[in-house]
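Peer 1: Sequence:
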Amino acid sequence: SREEEGQGETLLVMDGMVLDVTRWLPEHPGGSGIIPTQALNMDCTGFFEIYHVSRQSFLYLKEFYIGELRPEDRPKVPRGTAGEPSPGFLEQLRAHTFWRLEFSKAEPAHKSF
471 SREEEGQGET LLVMDGMVLD VTRWLPEHPG GSGIIPTQAL NMDCTGFFEI
521 YHVSRQSFLY LKEFYIGELR PEDRPKVPRG TAGEPSPGFL EQLRAHTFWR
571 LEFSKAEPAH KSF
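Per my numbering, the sequence shown starts with residue 471, numbered consecutively.
Hint data in this document are derived by calculation from the structure and do not stem from the laboratory. Some clues are possibly wrong.
Pair by pair, the computed Cβ-Cβ distance ranges are [said to hold, decoys possible]: (1) E542 x S502: 30 to 36 Å; (2) S556 x Q526: 26 to 32 Å; (3) E561 x K532: 15 to 21 Å.
By construction, the Cβ of each residue, glycine as well, lies at the ideal position given by its N, Cα and C atoms.
Using the sequences and the hints given, assemble the complete structure.
Peer 2: Put into structure tokens, the structure is as follows:
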């Protein structure tokens, strides 16, 4: 995740998803400062598991979803300081985010004409 200087965007990376939570920060129940303080510049999946015991929060992820990291870029994102998410959490997260984009190895990420 990162905060774009000048544009004020707050982008998070969670299990390969890229989420723009900029407009959500003022409404976040944990306060507007917790995400920028704890979840930027890393994969924040572990933090999400710790702070969101209710799976109700999964229902809102689609509103902030802007895309996926390429599979080859995912290992380049630092792991969060909250530790690795549990396999059960990842299974539930992926089941609730069935609408995510998938990269096909047969298709390039972009086409040149």
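Peer 1: Does each hint hold? Answer for all of them.
Peer 2: How the hints compare with the structure:
1. E542 x S502: 30 to 36 Å: holds (34 Å)
2. S556 x Q526: 26 to 32 Å: violated (18 Å)
3. E561 x K532: 15 to 21 Å: holds (18 Å)
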